[in-house]
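Asker: What follows is each chain in one-letter form.
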Amino acid sequence: KAGVTQTPRYLIKTRGQQVTLSCSPISGHRSVSWYQQTPGQGLQFLFEYFSETQRNKGNFPGRFSGRQFSNSRSEMNVSTLELGDSALYLCASSLAGGPLQPQHFGDGTRLSIL
Amino acid sequence: DAKTTQPNSMESNEEEPVHLPCNHSTISGTDYIHWYRQLPSQGPEYVIHGLTSNVNNRMASLAIAEDRKSSTLILHRATLRDAAVYYCILGNFNKFYFGSGTKLNVKP
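Residue numbers (our numbering), protein chains in the order written: chain A, 1451 to 1564; chain B, 1111 to 1218.
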């Protein structure tokens, strides 16, 4: 069974640009969550999508947005990039979300802002 | 947001049991306690979760205090492959809040 796939693995952008990251969940999983991981702040929850709807949201500015497609694949967009957005962005999927279901993480997209 | 407190690092010898503690004094009645671990250059991996009762699976055991304000992840026989950062997380619905984690070093 294929795991969660995130593309690209590495990305370099400059301040002010925008970026789109992609996540393909495990087949059959309908919940997709996004996290930001930095050395200073650790792992922080961004948002969760289920059936193409954003169901939960963390405390990030509106520059961070996402969407989910009918096949459960998800994309995350960051506009007007800032140096502080340099981080590892992780995607996790589960069957239907909720605290009872384990989340399966991808290996992340490492975004560097110059 | 519910928070967890874990020691920054712990060390263990290979083949010995490891007890990783976690304090979560502000836990609410609907928060589940989850443990994940993260190996270098990989995403986090699910280990175990529970609500009130102690839990066992093939990877580990989870001991939850009676007042639920603390819990302990138990690895029964540590191996070198268990060296990772272990996160204790409180999960409510589908929001998971990761603490800073405990870096476990396993010595051969």
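Simulated from the structure, these hints should not be mistaken for laboratory data.
Mixed in with the good hints there might be a few duds.
[To be verified] List of simulated lysine to aspartate or glutamate pairs, EDC-like, C-alpha gap at most 20 Å:
#1 A:Lys1507 / B:Asp1141
#2 B:Lys1213 / A:Glu1525
#3 A:Lys1463 / A:Glu1502
#4 B:Lys1213 / B:Glu1126
#5 B:Lys1213 / B:Asp1192
#6 B:Lys1213 / B:Asp1141
[Unchecked claim] To be clear about the criterion: a stretch of chain B counts as covered by chain A if any three or more of its residues have a C-beta under 8 Å from a C-beta of chain A, and this derived list gives those stretches:
#7 1149-1158
#8 1167-1174
[Stated by the list, open to error] Here are some, though not all, of the chain A residues that point toward chain B, as calculated from beta-carbon distances under 7 Å:
#9 Gly1466
#10 Pro1489
#11 Gly1490
#12 Leu1493
#13 Phe1495
#14 Asn1506
#15 Phe1519
#16 Pro1549
#17 Asp1557
#18 Gly1558
#19 Leu1561
Beta carbons are placed, not taken as given, at the ideal position from N, Cα and C, and that holds for glycine.
Asker: If a hint holds in the structure, say so; if it does not, say that too.
Answerer: Quick rundown of the hints versus the structure:
no.: 1; hint: A:Lys1507 / B:Asp1141; verdict: holds (17 Å)
no.: 2; hint: B:Lys1213 / A:Glu1525; verdict: violated (31 Å)
no.: 3; hint: A:Lys1463 / A:Glu1502; verdict: violated (28 Å)
no.: 4; hint: B:Lys1213 / B:Glu1126; verdict: holds (17 Å)
no.: 5; hint: B:Lys1213 / B:Asp1192; verdict: holds (10 Å)
no.: 6; hint: B:Lys1213 / B:Asp1141; verdict: violated (24 Å)
no.: 7; hint: 1149-1158; verdict: holds (count 6)
no.: 8; hint: 1167-1174; verdict: violated (count 0)
no.: 9; hint: Gly1466; verdict: violated (29 Å)
no.: 10; hint: Pro1489; verdict: violated (10 Å)
no.: 11; hint: Gly1490; verdict: violated (10 Å)
no.: 12; hint: Leu1493; verdict: holds (4 Å)
no.: 13; hint: Phe1495; verdict: holds (6 Å)
no.: 14; hint: Asn1506; verdict: holds (5 Å)
no.: 15; hint: Phe1519; verdict: violated (19 Å)
no.: 16; hint: Pro1549; verdict: holds (4 Å)
no.: 17; hint: Asp1557; verdict: holds (5 Å)
no.: 18; hint: Gly1558; verdict: holds (6 Å)
no.: 19; hint: Leu1561; verdict: violated (15 Å)
Comparing the model with each earlier hint shows violations of hints 2, 3, 6, 8, 9, 10, 11, 15, 19; every other hint is respected.
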